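So you can see what is in the structure, the chains are spelled out below.
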Amino acid sequence: MTSIVKISNLEKYFGRLHVLKNISLEVPERQVVCLIGRSGSGKSTLLRCINFLEQPSKGTIEVDGIVVHGGERGRENRQLVHDVRLKTGMVFQEFNLFPHMSVLENVIEGPITVKGMDREKAIKLGEEHLDNVGMLFKRDEYPNRLSGGQKQRVAIARALTMEPRVMLFDEPTSALDPELIGEVLNVMKRVAKEGMTMIVVTHEMGFAREVADRVIVMAEGELIEDARPTDLFSNPKDPRTKALIDRYRSGEQQ
Amino acid sequence: MGIFSGKEQVQKSQAELLYEVQMRKERHFRANVGLSWFILLLILILAFSGQSLTIGSVTFRGIKVDTGFIANNLSFIAGGLGETIRISLMSIALAMILALLAALGRLSTFPPIYALSTFYVSLIRGTPLYLQIFFFFLALPQLGIILPGLIAGVLALGLNYGAYMSEIFRAGLSSVGKGQREAAIALGMTPSQTMRRVVLPQALRFAIPPVGNEFIAMTKDSALVSATGFVHELMWRSTKVGRAQFHNLEALIMAAIFYWGMTMILSYLQSRLETRLAKGDR
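Chains as they are written, first to last, in the working numbering: chain D, 593 to 846; chain U, 17 to 298.
Note that these hints are calculated values from the structure, not bench results.
Quantities reported herein were computed from a predicted structural model and do not represent experimental measurements.
For each residue, glycine too, the CB sits at the ideal point set by N, CA and C.
Hints may be right or wrong, so weigh each one.
Coverage of chain U stretches by chain D, computed from C-beta distances (three or more under 8 Å per stretch; other residues unrestricted) [unchecked claim]:
(1) 29-40
(2) 208-214
(3) 217-225
Using the sequences and the hints, build the whole thing.
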């Protein structure tokens with residue numbers, strides 16, 4: 593199987609702080625990877641390095657055949673980064689919908705402005721994706737009239753309308769009220785079922801166990817464990833993974 | 017289910033009751049404020065009516081104004097309204113452009129641009145508006161630059177307000193969260209697309225109400241331009257006829273009424289605009 597995302601020897605410093613330490617990772621097509629770990633372990637930073645919302649200090653990122661070396665600058669590098677961003681869709685913890693645009697406008701903004709798609713075609717495509725996440729009925733509503741779960745579903749549709757090769761989710765349910773988490777996870781499951789390659793930073797162990805093909809545990813800027821969810825949850829090798837899983841288990845029981 | 021919906025109805029009507037009481041209180045308050053305004057206005061009119069009023073042993077004698085002068089010069093002074101509005105509109109347009117540029121300059125990481133922006137704001141805010149107006153009318157001609165009165169006035173007012181309003185636009189730009197930029201970038205937008213499509217529309221919406229306030233202030237500050245004698249707006253016209261016929265009192269009262277009326281209308285429009293923007297708060 594070909595890898596869509598290939599990270600080699602990635603290093604990231606924030607000033608003196610060493611947040612990602614020599615990370616190498618390959619994600620094959622159609623795989624769903626969950627990145628878990630305590631806060632501050634570097635999982636969000638790793639995700640954000642893939643589409644260069646954070647600039648890697650060293651190492652290479654390869655997305656669908658486009659190779660970008662970290663720490664480089666200049667026009668050529670900017671073009672490559674732009675190409676990588678077209679291949680990746682991102683969903684944020686805080687949704688980040690554009691508040692001055694309606695739901696549909698949010699979704700078609702990317703294809704029209706970035707890809708130069710004509711409006712009618714973009715609307716057709718946008719409506720299709722809104723329908724897929726069950727949000728077509730709010731097509732002309734503005735984001736401030738939506739619940740958190742609805743906002744996140746629109747944000748997922750917005751990213752999918754760009755037809756990316758890989759979807760990046762940065763704690764997509766962490767800002768949601770508990771009763772709204774389910775609808776977003778269901779949409780994500782659907783996206784996974786349709787064969788999208790997904791990298792998901794999450795605290796939702798249930799989702800990781802049920803949907804992920806692979807769970808990667810991070811601690812102190814390193815990948816400490818990388819396994820199938822059944823193996824990882826039943827037989828964690830690293831004591832830090834065990835501690836993490838135990839904490840979630842006790843949380844679930846409460 | 018049935019029980020619950022019944023309970024909800026009771027709660028709802030209680031909330032409605034509370035709301036009604038609150039609204040009644042508010043209406044009552046507003047009515048009293050309106051009445052007090054009316055009385056204050058009546059006193060003011062009485063004070064300039066020339067009538068005397070005796071309460072007990074105390075007699076108030078009203079100021080007598082020359083109604084003949086007012087009638088004769090009303091249309092002349094009113095003729096300055098258009099000029100006042102014209103100079104204000106042109107100046108606010110210039111000020112908005114300068115303010116936006118200055119605000120963007122403040123965000124620049126390129127030192128000369130940042131410096132230019134802060135230099136402009138510092139220079140303009142560090143000198144009086146009155147001086148700036150005279151600079152354009154009196155100092156520039158010495159260098160051989162003679163501007164038409166209106167243009168010089170608009171330049172002075174626009175430059176001055178632009179420096180003050182740059183803060184408004186800066187606040188508007190910084191009101192747009194980092195997440196908005198990141199979402200745009202993640203979609204693949206270039207920095208200029210991000211600015212045009214995502215940041216500016218939100219920043220400008222944020223800036224509309226305070227810009228309205230600045231415009232109202234500007235209609236009054238435009239009176240300073242009269243000092244140069246080249247723009248025949250409200251203030252110039254009222255001082256001209258007032259001085260010539262030694263009826264400054266009447267002339268200034270007339271101008272004051274025009275300014276006051278104008279700002280009341282503009283403030284009303286401004287509050288309407290603000291509620292409309294708040295409703296569509298997106």
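Each hint tested on the structure:
1. 29-40: violated (count 0)
2. 208-214: n = 3 at 8 Å, threshold three: holds.
3. 217-225: holds (count 3)
Taken one by one, the earlier hints fail for this structure only at number 1.
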